[in-house]
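J.: Please take these sequences and the hints and turn them into a complete structure.
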Amino acid sequence: MDVTFGRSLAPLTATDGATTTVADSRQMTAGSVDLEHRIANEQMRLFYSLDAGTYNTPGDWSYYLHTAGGTWRSTKPDSTRPTLFIGGSAAWRGNGASWAAADYKGLGAFTNVEWRPRPTATLRAGYRFDARAFPDSPELNQHEHGSFGSVLVNLPSRTTLISEVRAGVK
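Counting in the numbering used here, the sequence shown runs from 78 upward without gaps.
A portion of the hints provided could be inaccurate.
What the hints assert, rightly or not - Straight-line C-alpha distance at most 35 Å; calculated DSBU-like pairs for lysine-lysine: (1) K182 x K247; (2) K153 x K247; (3) K182 x K153.
Honestly, the hints are just simulated from the structure, not real lab data.
T.: Given below as structure tokens:
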């Protein structure tokens, strides 16, 4: 479990060359709680995250974002065989009255394959689909598809080369 909390500081400015004052009192307060549980010999991961905050600006600029999901891998973490990863998540974002039109609910799913043919090389490829629905602004509803492929090579000189291609449509 991981918990964070923070408050932004307002910028300081000198008004007469000697006195420093706060120029803007619009600050942000935010916090998050992240929970994670691994089961099945570390091959399955379940998670939940709550991120919330507020902007100290006239109006209600608060927000919260709930995200929950899981991932599964076909092999143990130290395996040299090709590994299939499958996962999904759900999100629910609510905003204060000043920007409530940006509230959304979303679903996402992915599948990836990773293979390490040599200790110094890794090949990866995958696909992801995300959908978001904005109840107050249906014209913002979206579906996104994305795929990628990458090659990672570690050279004897301790240099790492990575080549990656991504394609997507929204």
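J.: A separate judgement is required for each hint: does it hold in the structure or not?
T.: Each hint tested on the structure:
1. The suggested pairing of K182 with K247 holds, with an alpha-carbon distance near 17 Å, which does not exceed 35 Å.
2. Between K153 and K247, the direct Cα distance comes to roughly 34 Å. Compliance with the 35 Å bound is thereby established for this hinted pair.
3. Of the supplied pair hints, the one linking K182 and K153 holds, its CA atoms being roughly 33 Å apart against a limit of 35 Å.
Violated hints are absent here; each numbered hint is respected by the structure.
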